[in-house]
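Asks: Produce the complete structure using the sequences and hints provided.
Protein chains in written order, with the working numbering: chain A, 1 to 217; chain B, 1 to 521.
Accuracy of the hints is not assured; some may be wrong.
To be verified - Residues from chain A that keep clear of chain B, each with C-beta distances beyond 10 Å, as calculated:
no., residue
1, Ser28
2, Val46
3, Asn59
4, Ala71
5, Ala123
6, Leu128
7, Asp133
8, His137
9, Thr143
10, Ser150
11, Pro154
12, Gln155
13, Lys181
Said to hold, decoys possible - Incomplete in silico selection of chain A near chain B, CB under 8 Å:
no., residue
14, Thr29
15, Arg30
16, Leu32
17, Asn33
18, Pro35
19, Glu44
20, Gln45
21, Ile49
22, Cys50
23, Val53
24, Val61
25, Lys92
26, Tyr93
27, Trp95
28, Gly96
29, Arg99
Bear in mind the hints are in silico, worked out from the structure with no lab data behind them. Every residue, glycine too, gets a C-beta built ideally from N, C-alpha and C.
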Amino acid sequence: MNKAILSVVLGAALLATGCSNLKSDTESTRDLNDPSVSGRTLAEQVCAICHGVDGNSTNPVFPRLAGQQPAYLTEQLKAFRSHDRSDVLGYKYMWGIARNLTNKQIDELAAYYKGQTPIPGAAKNAGLVAQGDAIFHHGVEATSVPACASCHGPQGHGHDGFPRLASQHQDYILKQLSVFKHTNDRYAGMGAMMSPVAYNLSGDQARAVAAYLSVQR
Amino acid sequence: MAAIESVKKFFLTYKDTLISFYVYFVRCDGVIGFFVDGLLTWGVRERMNVLTFKKKFNLLHKIESMAAPMWRAVAQKVTWQGVSIALLTAVSTVASMDAAALPLFARQTGQNCQACHAGGKFPELTPYGRMFKLTGYTLGKRQLIPIAATLSFSSTSAPSASGAPGGAQNGGTGTQANGTPTFDKASLFAGGKLTDSIGAMAQYTFNNYAGSGHQSGRMYSNNADIRYAKHIVNDQTDLVWGIDVNNNPGFEDVWNSSGVYGYGVVPGATGTGSALLPMLLSQQLGQSVVGAGAYAYWNKTLYVDLAGYRTGDGVFSFLTHNYNGQQTYIQGTNPYVRVALTHDWGTSNAMIGYTYLDANVYESNFGAFGNVGGPTDEHRDNMVDFQYQYLSDPHVVTVEMEDANEQVLYGGGGASDSSNAFQAKASYTYEAHYGTALSYFNVTNSSNNVTAANPSGTLANGFGAFQTANLGSEGWTPEVFFMPVRNVRIGLQYTLFSRDNGTTLNASQNDTTFLYAWTAF
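Replies: The following block contains the structure:
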């Protein structure tokens, strides 16, 4: 009997410790439902697990965010929050992360990643990179693919809502081009203008552009 | 024999979501019944645009068309078994229509099971899932009702008269009658995020075959893990450290090597057959002991965990209500040491690690004598393990290997015994829906005290030796599985024994077919 009472007391004490600590420890919390947590803390404690603390992710399933244009990142996080962006991995991983983010936290996250230094990948196939270089700067006349540089900038750094593509993972770019080409999952906002571009790009051309961008600084 | 009499299709619209129902009318043993299967995973509370919706609906329709012949085949082949498993799936898919009816951690993080489980298949964890556990289950949004449940149904059939040899494996679960579909276990999970630094995962299980003679069900406390964790991140350092209390050595680990969430973890699975496994794999100390420890994971490279385990009595007895009312008593504090090196590159991640457990188990054990002292047997376990994972979309591969050795040093005199286990498993999932796995096991047990003069292996002090027979086994288990929705898995395993009960003679008599359905909500 005494043992039972002790267990209850111990359990209650544990719960009490928990309940008295309801307010977030804003420096090292992983609470995604507390508007007082800064974007920086979220970036370090949550986002970093997949995207890297400096925004240079290891696994190409997760995009590199270092140096990304804040306007683009803001739009994407809001699109995850509103479910307007619904590509498969996007909704599986990001809807939950973004569901309770405040606009302030989103702005802070965007500023955090803008401040990180992107690390480009290593070139594996010089021929493919050269081919991608040509497509990126001049487009493909035969299929009316415009030069990517006309919106994403001559160095692929992007501006405003046009995302930075330089140093992005090759596989991630390919995956997104496929999403634009075959689905309407990223149709919301500025994503709509990528559909016809991606539609006219062949698989080999997409691979070349992605290879080129992944090694740009 | 059951046969599907007819299938009717219904549509139902709710807000911006359309749900398709298939009603199967089934005749079985002269009785006509029906079950409803509604495949919809995207909850009614989730908003989506019309184009996305149409696409997803088409996908559902495709999955359903593919699933229908499978139901038909299952129902026709295995009488009520097919019906019960289909019924379970139907119930769980209906349950999963509501976005709130998802497992606890999925509700807490708002993410798909796939974020933490490789290819959406439990128990294999992704690097993200490991960080979720190491940071104390605290990521996400605290839940008002921090509870989840799992159910598992299965059917085992083996040609040998004694039924499935593995019935008593995997933590000593119950015995299934040969070929009869059974409801195995229901588990209730509680915990998740409690505060910013404290989280828990506690399991309470109803085992339908745990009662006396395996004829009745019984509730018991299962694995419990309570953590306090901090994550320090800056430009140079990424350090996770924490304190952990649990009741099953190895439960604190985040790779899938220990017996707790490792090889053949599906309830009732054949596992390694008759063999006696080292403590680290057998879970013999599970729910008998309580351990406290500290761990650190530095720069996603080096993981170290040190813990001590004691008999879980006194104030801790609420953690050790064992399924069979028996408790293994250990002497003093028993060390558990875990070191692992990890590396991530591209789509791959790998781990090589080492685990040590030294448990002094009273010879006068198993309840009758209690924690009365007397001689102890020292079970000294050393395990080297390896894991490789390829995480991409749509392909996910997890390969794991464990090589464990246990020396049993008898306190009551007598020659020491050993148990050596090698296990390997490779799993593959495609689009987090379809998958296959191949497992291999090879276990050898010595019985050094059994001689012609001493056939029962009695020790000098009159107690029995822990190992009194060569029960080693070797075999392969191919498996196919299907996850129609993310919280339901239906799988078929076939275990081929090349050696069982220490002999290759007639080992194939123990070859076992194991069909299961599992769901979490």
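Asks: Does each hint fit the structure? Answer for all of them.
Replies: Going through the hints against the structure:
1. Ser28: 6 Å, violated
2. Val46: 6 Å, violated
3. Asn59: 5 Å, violated
4. Ala71: 22 Å, holds
5. Ala123: 15 Å, holds
6. Leu128: 17 Å, holds
7. Asp133: 23 Å, holds
8. His137: 28 Å, holds
9. Thr143: 24 Å, holds
10. Ser150: 27 Å, holds
11. Pro154: A/Pro154 clear of chain B: closest Cβ-Cβ about 29 Å, beyond 10 Å.
12. Gln155: 25 Å, holds
13. Lys181: 14 Å, holds
14. Thr29: 4 Å, holds
15. Arg30: Holds, because the Cβ-Cβ distance from A/Arg30 to chain B comes to roughly 4 Å (cut-off 8 Å).
16. Leu32: 5 Å, holds
17. Asn33: 4 Å, holds
18. Pro35: With a closest approach of 12 Å, the A/Pro35 hint is violated.
19. Glu44: 4 Å, holds
20. Gln45: 6 Å, holds
21. Ile49: 5 Å, holds
22. Cys50: 6 Å, holds
23. Val53: Nearest chain B Cβ about 6 Å off; hint holds.
24. Val61: 6 Å, holds
25. Lys92: Result: holds, 4 Å to nearest chain B Cβ.
26. Tyr93: Holds: closest Cβ of chain B sits about 5 Å from A/Tyr93, inside 8 Å.
27. Trp95: Holds - the Cβ of A/Trp95 comes within 8 Å of chain B, reaching about 6 Å at its closest.
28. Gly96: 2 Å, holds
29. Arg99: For A/Arg99, the interface hint holds, since the closest Cβ of chain B sits about 5 Å away, which is under 8 Å.
Comparing the model with each numbered hint stated earlier shows that hints 1, 2, 3 and 18 do not hold.
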